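Since the structure of chain A is already known, use the hints to place chain B on it.
2 protein chains.
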Amino acid sequence: MQRTVVLAALALVALAAWATAERSSDLERTVVELRDRALGDDLAYELLRSLTTEVGHRLAGSPGDRAAVAWAQRELRKLGFDEVRTEPVTVPHWVRGNAAGKILEPYPQETVLLALGGSVGTPEEGLTAEVVAVPDLEALAELPDQRVRGKIVFVNRATERTRTGRGYGEAGVVRRNGPAAASAKGAVAILIRSIGTGNQRFAHTGATRYQDDVPRIPAAALAVPDADLLAAQLATGRRVRFHLELGSHYRPQTRSANVIAEVRGREAPDEIVLLGAHLDSWDVGTGAHDDGAGCAIVMSAGRLIADLPRPPRRTVRVVLFANEEFGLSGARAYAAAHADRLAVHQLALESDLGGDQVWAFATLVDPRALPEAERIAALLEPLGIEALGNEARGGADLIPLRSARVPMADLRQDATRYFDYHHTLDDTFDKIDPGAMAQNVAAYAAVAYWAAETPTSFTPAPEREGASGGR
Amino acid sequence: MQRTVVLAALALVALAAWATAERSSDLERTVVELRDRALGDDLAYELLRSLTTEVGHRLAGSPGDRAAVAWAQRELRKLGFDEVRTEPVTVPHWVRGNAAGKILEPYPQETVLLALGGSVGTPEEGLTAEVVAVPDLEALAELPDQRVRGKIVFVNRATERTRTGRGYGEAGVVRRNGPAAASAKGAVAILIRSIGTGNQRFAHTGATRYQDDVPRIPAAALAVPDADLLAAQLATGRRVRFHLELGSHYRPQTRSANVIAEVRGREAPDEIVLLGAHLDSWDVGTGAHDDGAGCAIVMSAGRLIADLPRPPRRTVRVVLFANEEFGLSGARAYAAAHADRLAVHQLALESDLGGDQVWAFATLVDPRALPEAERIAALLEPLGIEALGNEARGGADLIPLRSARVPMADLRQDATRYFDYHHTLDDTFDKIDPGAMAQNVAAYAAVAYWAAETPTSFTPAPEREGASGGR
Chain A
1 MQRTVVLAAL
11 ALVALAAWAT
21 AERSSDLERT
31 VVELRDRALG
41 DDLAYELLRS
51 LTTEVGHRLA
61 GSPGDRAAVA
71 WAQRELRKLG
81 FDEVRTEPVT
91 VPHWVRGNAA
101 GKILEPYPQE
111 TVLLALGGSV
121 GTPEEGLTAE
131 VVAVPDLEAL
141 AELPDQRVRG
151 KIVFVNRATE
161 RTRTGRGYGE
171 AGVVRRNGPA
181 AASAKGAVAI
191 LIRSIGTGNQ
201 RFAHTGATRY
211 QDDVPRIPAA
221 ALAVPDADLL
231 AAQLATGRRV
241 RFHLELGSHY
251 RPQTRSANVI
261 AEVRGREAPD
271 EIVLLGAHLD
281 SWDVGTGAHD
291 DGAGCAIVMS
301 AGRLIADLPR
311 PPRRTVRVVL
321 FANEEFGLSG
331 ARAYAAAHAD
341 RLAVHQLALE
351 SDLGGDQVWA
361 FATLVDPRAL
371 PEAERIAALL
381 EPLGIEALGN
391 EARGGADLIP
401 LRSARVPMAD
411 LRQDATRYFD
421 YHHTLDDTFD
431 KIDPGAMAQN
441 VAAYAAVAYW
451 AAETPTSFTP
461 APEREGASGG
471 R
Chain B
1 MQRTVVLAAL
11 ALVALAAWAT
21 AERSSDLERT
31 VVELRDRALG
41 DDLAYELLRS
51 LTTEVGHRLA
61 GSPGDRAAVA
71 WAQRELRKLG
81 FDEVRTEPVT
91 VPHWVRGNAA
101 GKILEPYPQE
111 TVLLALGGSV
121 GTPEEGLTAE
131 VVAVPDLEAL
141 AELPDQRVRG
151 KIVFVNRATE
161 RTRTGRGYGE
171 AGVVRRNGPA
181 AASAKGAVAI
191 LIRSIGTGNQ
201 RFAHTGATRY
211 QDDVPRIPAA
221 ALAVPDADLL
231 AAQLATGRRV
241 RFHLELGSHY
251 RPQTRSANVI
261 AEVRGREAPD
271 EIVLLGAHLD
281 SWDVGTGAHD
291 DGAGCAIVMS
301 AGRLIADLPR
311 PPRRTVRVVL
321 FANEEFGLSG
331 ARAYAAAHAD
341 RLAVHQLALE
351 SDLGGDQVWA
361 FATLVDPRAL
371 PEAERIAALL
381 EPLGIEALGN
391 EARGGADLIP
401 LRSARVPMAD
411 LRQDATRYFD
421 YHHTLDDTFD
431 KIDPGAMAQN
441 VAAYAAVAYW
451 AAETPTSFTP
461 APEREGASGG
471 R
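Chains A and B, in that order, are what the protein sequence lines are.
Position 287 of the first sequence, counting from 1, maps to 287 under the working numbering, and the rest follow consecutively.
Position 149 of the second sequence, counting from 1, maps to 149 under the working numbering, and the rest follow consecutively.
Next comes chain A alone, as it looks inside the complex:
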């Protein structure tokens, strides 16, 4: 009897193991099919052509923003998702207005610049002041206040080109913190060298942050060749005076929306695999790399899963977030609206580093699920994607999900050329590589399907240091 029980138990274990292997094998087969179908598909590329042709740029609160929300709903409905809906998001509405910058002395020349996102304007007639240059914010901190007072600070910090985008992270602090730091020392305005890797003559905009305890001063980014020109004029040793005009201002807050599409899970529809990207863009270029590409990639990955004969166990939810650029309004609205369901988010991914190839895969999942992550990684390897371990960072729109310990995965893209285009007039469809887009879709579809189908739970994500950290 004893022996019979043991044998029966062993048989059950064997049966369970066999069943798991079988399921695993089905899962793998489906993932390989999805992946390979994606590689032969141009849907993402064509969706992005459509978005950039029919909508163009789409800053939060602008007419383009509204057109983009309408476009996304229309296109997602065509793609055969089970449900397409919007969720309301309140967004700021900043307007760039005109921008002009001219070196008046010693050698008069016009420059190419853009206001930083959120900058206040200058008086209508502009402002004119002497320029004081520093290589970075550390050097600015060391300047005596009287060297800065009444002047225009020029921070000439270069952005390093890297595959990971690390250079952007390092230089970006100038854009975010420079205006407040210069104002604290009495500057009347700030010019920064564009946070960008190329030397094409485009200024790179992007959000800045003021501090409540110092005046908000006009802030603009010079195109890299113009930063070089200003530096060259300063290098003559002669006094440099600059005239700046910015018409930037805020209008009242307005409404936008997160656009959401779902493939409803067949067994656990409340458990969510979230594929995110942000629908808004800066008000220059057509937001092709940032982040039209991400939208098109996750829409296409979701569509491939929706096309399967049998939906996965869990729900695959595509979320096109409103207003990432100007304060993560959509991401915060999502986290608030779904607060009671974040604990059943199986995995969240965001595509927000352009349209170039994915080169690495990282997870942030319950360590017990790591063998599962390794199995996914093995299927990504033929796409040229290496596995990096369990320290995924998630995209900006996933920041509000961190404190709820939502598991995340990164499909890290090659950022080598991304910051040539990022936040410029030149972020247009012609810069997109259709083959790289298809590789992205393959990777997103594979990871999303696996996460949605596997019996293994990825939750909760491990706690991590700096989980409340900034962008």
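Everything labelled a hint here was simulated from the structure, so no lab data went into it.
A few of these clues could be false.
As the list claims (entries may be wrong) - A few chain B residues that face chain A, going by a derived Cβ cut-off under 7 Å, partial list only: (1) E105; (2) Y107; (3) Q233; (4) L425; (5) D430.
Predicted model only: the values in this text are computed from it and were never measured.
Idealized CB from N, CA, C, for every residue including glycine.
Okay, now just chain B, sitting in the frame of chain A:
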């Protein structure tokens, strides 16, 4: 006696041959020294930094034009030429004014464009019309007039990237002849795809030509991504309407100058080796490649010759021509002012294809001087320059010298990337390679010195077909 005379004659011939060989050897030694000194010198690069920093763009008739003439005289005087002077040139004064173009239907989007040089403006409120697209001027010619009347013609002709710049020559006809061709069919304006090889979002300006028998219609070049956008909207099959505003207009003709600097020839000062480039630029960018680089190259080559302990036999004359871009005013003024001396121009060269490496050498000299050309070519070979024969074309500013059969040489530069920057906002100093600049100076100094020193006359150049042909 008879025999003595023969012997004496033979001795004289031998002496002459020996003397020639000796001179040749001195000449070669000096040329090699000049060439190698140039390769280690950064004068051209630094002159161009100075021009782009202290003057910037310099369209004929503009304040920049005047500043450039003053700059050139000042810098040439510093370089130790025997004489620096100006010769007056009357130039047109076209002003670009504002430019804006927007697709109104079916999908409203702003575009990046520039008026073509010489374009008339639109009414102040702009003009709005339906767009009719053609791939090239041949297709435009075949369109029935009623398909064009009252519309904006859009010519979407791409520019091929080539080392020789051939693609520019082929596509450029659209810019030069498109406005008159569209007007002849009743168009109200014309938009062309920029004549440029890159897809950076810069419009490429450049001179157009109207015809007296048809109305002058506003003419603008769309940046390549914007031409793609317009084509993508047209490809939807929906009616496309475009709104164009150009503030372009002419002001009264004004004065500019050719700036001339000479190393006076020690034996035949009236015989001239002319090193040309044009000092004017378009009113966008800082005219770094076009043609600040050429100015800096010929100034530096001339300076190296001026620095020699003994001046060459003939005069080396550096000519920085006024207003190449807008009708060759400086070139024509030079030809007129020196009409009675063109027959004693030993050789003319112009540098006007940017700052990249020279890859080929060609001459257009009296065929009896070809062995001499071969000897020069041998000394250019270590610079990576191949010899192409006796069919030099000369630069645009040398066109008015053709009919006088002035011998010419080409030092042809690699134009692979030149037409990415040409006539755009992005033609700035950071695009210049200092090593390539030095190689250019080495080649110009070598050819100029040889031509100025050799006893061999290069005149007259052979007649050639199409000698009166256009640019």
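Hints breached by this structure: Number 1 - this is the single hint that the structure violates.
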